[in-house]
Amino acid sequence: MTRSSPLFAGYAAEPGRYHEPFGADGTVRPHWRALVAELERASAAQMRQRREFVARQIRENGVTYNVYDDANGTERPWDLDLLPNLIDAAEWETLAAGVAQRAALLDAVLADLYGPQRLLRDGSLPADLVFGQRDFVWACRGVAPPGGTFLHVYAVDLARAPDGRWWVLADRTQAPSGAGYALENRHIVSHAFAEAFRALKARPLDGFFGALQTLLQRLAPAGTEAPLGVLLTPGRYNETYFEHVYLARALGVPLVEGQDLIVRGATVFLKTLGGLQRVHAILRRVDSDFCDPLELRGDSALGVPGLLEAVRAGRVAVANALGSGVLETPGLLGFLPRICERLRGEPLALPTVATWWCGEPPACAEALANLARLVVKPAFPSRRFEPVFAPALGRAGLAELGARIRRQPQAYVAQELIDLSHAPVWRGGAAGRLAARAIGLRLYAVAGERGYVVMPGGLTRVAARSDARVVSMQAGGGSKDTWVLGDGRSAAGEAQRRALGVRDVVRTDAFLPSRLIENLFWFGRYSERCDDVTRLLRIVLARYVGGGPGAPALAGALEVCRAFELTPPKRALKPALLAAVGGGAAGGLRDTLARLFGAAAQVRGRLSQENWRGIVELQRAAQALAERPPPDLGDALDVLDGLLMSVSALSGFAFDDMTRDEGWRFLVIGRRLERLQFLADVVAVALRGLAAGRRDEAATLDWVLELADSVITYRMRYLSAPQLIPALDLVVLDAANPHAVLFQIRELARELGAVGGGADVAAMRALDERVGACDLAALEPSLLGDAGRRDAIAGLADRLAEVAAAARAASDRLSARHFAHVDDVTRPTVSA
Amino acid sequence: MTRAVRYRVRHATHYAYQGVVSRSQQLLHLAPRAHPRQRCLDHELAIEPAPSRRSDRIDGFGNPVSVLEFERAHRTLAIVSSIHVELRPRARPVDEASSPPWEDVAARYAYRAARALDDADFDAIGFRFESPFVGVDPRFADYARECFGARTPLLAAAQALMEKIHREFTYEPGATQIATPLAEVLATRRGVCQDYAHFMLACLRALGLPARYVSGYLRTRPPPGRPRLVGADASHAWVAVYCPANGWVDFDPTNRVRPELEHVTLAWGRDFGDVSPQRGVILGSGTHALTVDVSVTPEPDAH
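Line by line, the protein sequences give chains A and B. Okay, so the first sequence: first residue is 1 according to my numbering, each after it adds one. Okay, so the second sequence: first residue is 833 according to my numbering, each after it adds one.
Be careful, since some hints might not be right.
Stated by the list, open to error - Selected chain B positions facing chain A (in silico; Cβ < 7 Å):
1. 837
2. 845
3. 957
4. 1124
Keep in mind that the hints were calculated from the coordinates and are not lab data. Here the structure is a predicted model, which means the values were calculated and not measured. No residue lacks a Cβ here, since even glycine has one placed at the ideal position from N, Cα and C.
The task is simple: from the sequences and hints, build the whole structure.
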């Protein structure tokens, strides 16, 4: 088997590089043979299916990666190549041992830097690279973390040089990202190549996550309490937010933001619906200096004020320890081999790419002498600048770079460039279905009780272009699943998960953050509001398109639009209607859609993938509305029809797809309160119009029934044009109609009772009685004459207005009682 | 020979919040730290409302610090720190000329592989680098260059730098008393004592010299016949330079003086952020109004 296979026809095998799938002589390496054979065997259709499978999984699972400088600020689908990268068993043993050793070494270096600082006193390490860095947290000097572990999760970036060895490019010690993506990649690609995956006995990844779970539990200073760990995320705008959601699920811990936690008496608590719950361990994805606005960066809104006090008191385990990011400077790389000898009495196993910290005059001289073939990076990660590739510079550029370095040598690190190895990516198409791309490998280790456990696999990162010198996700690169092939032994050493018995069964989530509850409530309200607003606009537009400005029903429905400030007051009707659909006014359709998306994004972890997809579609629709406002009313109607379908789907998810826990209850309460308020307000406005004799009765009832989604029921029951008494019975009094006022009141009484809202239940019961006491008989024409009938209609309108007011009051009470008050802002103060 | 001087310091901070503050945490650097020429006789904090919790400890730079937590809703916060402190003059005046050439001091702290540092040098080296409020940049070295001629004794050069800054900068109390970005200070050459101190630190550190930020107070009324010092109504800040021959030597660029018996030291660190007299995080809505009042009075019998 050689690369003469037609598969490789498009794979430009650059000489002088290492090629993952085949050797210099063109023969396919033994550990790649099964996969290459599989690819040769597969039909074009099969491969297309596999590729579509991967694309669909990414889309449906909502795997995304946020790119900071993306103009839209939107999420980008994760870029995953169909083909896995393969590492053979023997090579893996060496690699894994090297990664474990390096993790243990870096942990020991951290223990020294935040402890006795011998490495700095004896000149093993330059003080510049430690004290000169923002990531060194002075406040953590002398703080011993639980179990003495500083580095809980470690990642290392490796590149394979033409000599076939993996070389270390960088250490990730702050809050390494990508392990969750690696797991997701595995789930997708192992399914796409199920047979090959089994045949090659690729090693499973779950053990790594099990070990991380075990670690958090072991280090949590919980005493006799059951330890509670949380994953602290900077929030949904972070580039790897998908991974935070995914990891929190995989680890079975709540995903929290800084505002969900408080510190009281040097103890960390999670604000939950049921009160404060002590937190014992925090897996942080927030950089150290953002973690505590009281002591560290005061401008950080991501942290937990007082966290350092809790850490100092040993009352919480933070992983990685605060200040661990100090080791990420590339300046350290050159010092580690000697430190390894000194601290561990053994040579550093993994070779490191030659690196010179220019703050040391002999190293600086050497770097300057060889500058033309090096890459230059910042020694202090806080001084961000993009790496400068000297070979790409002209003579003048090179001289300028040299001058920059000489002016402030300690700020620069020069590093040898490696010709990255190439691996095949799947391109499809008939001839040459594989193309060559540069790759890098990120491997992960987690602290175990006996040394570090290395994830047998990792994240293979793929360069965006074939001639790229680096691989970077931010620069648009992709990824591959990484298979470590089995060596015949079963997966020994995998952490065993504790078997769960009947006593472990959990039916409620005791650790639901209050913020989540609040956002679920608003998610419910905004879903319903979108539904209501869309329906209302659709009614108005359809009447206008169908009957022109003089259509009998139009005036009444428009009155409602104005009452809800959906249409601008002083404009000609047609542009006003177009603005109501496509305009961005506060409280308008687009604004409501945006708020819906905002709330949904906050509760994304609680939504099923299908549900989330529906929401992403709605967001797209809202974006399209902003970018291309419908030019005429016909188009606007089409847009509203489409929206109504998507919004209705949300209601299906809310009622059928979600577990009926407390969070769900708040979502439903939000929906019911919104519907109650809207319906009561609308019917009140409509009735006032009738009472004043301004409106045509049949036309009004027609749109009221449509707005309450009750047209079909009415027709089935009465087989006639809408009349006042049966129509009002259906939309107000019929407790079996899910769109009726009374139905909302009764449902609310039940759900509010379930979340402990005694006073609210009483209020709803009183409302039930008031509404139930409405006597529609007073509306019969014969009884009191025309004037009496009008008074009765007006009376009913008043009563419905009372109902709407009661719904508002219930919402306010609920928020005062349960919510985290996300509008109350945490602010820093400082006084000299 | 001057005798010891005793001062009574009163530092009152009052926050009036626009809305209700439901939770507040405060970190105070208000207790005077002891050093060879300063002894704290007494320190008291009066806090209104009473905090739900208070804990006192020593921070990463050796300064005393208090952490307060307030869990009851409040609209104002008043903290009055009362200090009784004794200052003594140096046993021997510092002789600038005797200090080593500044290049030797910079070279002494530049990294050399496997060269060990003694405790004093190691203590100094932590203050040689950039810090959140003091970005180190060659432009600051350029500014200072004329004061740091070849083989100039360190302290003479630092004295010249202090004089240059004092001469070329305008003291301008701003709307806030909190530090301005240094690039802006360099461009406008205006600021308050924190800015003067940060700027001088940036110059010294850019030259590779260890220098730290000192937070404290100035005597409010000058002794008869002496001018009133600038910044005496508020808390003050100056710098200290490390000289291997003389230890830490203070310089006050705002007043162009070498602090001796009229500067009460509170705390030191890399910059303002490490030793802000009072920083906090509050939970609530709206803004706040802050008033600060400082008085430093010598005890009558101390002259």
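Results for each hint:
1. Checking residue 837 of chain B against chain A: minimum C-beta separation of about 24 Å lies over 7 Å; hint violated.
2. Satisfaction of the interface hint for residue 845 of chain B is found here, the shortest Cβ-Cβ separation to chain A being roughly 5 Å, below the 7 Å cut-off.
3. A least Cβ separation of about 5 Å between residue 957 of chain B and chain A falls short of the 7 Å threshold, and the interface hint therefore holds.
4. Hint status for residue 1124 of chain B: holds, given a least beta-carbon distance of 6 Å to chain A, under 7 Å.
Taken one by one, the earlier hints fail for this structure only at number 1.
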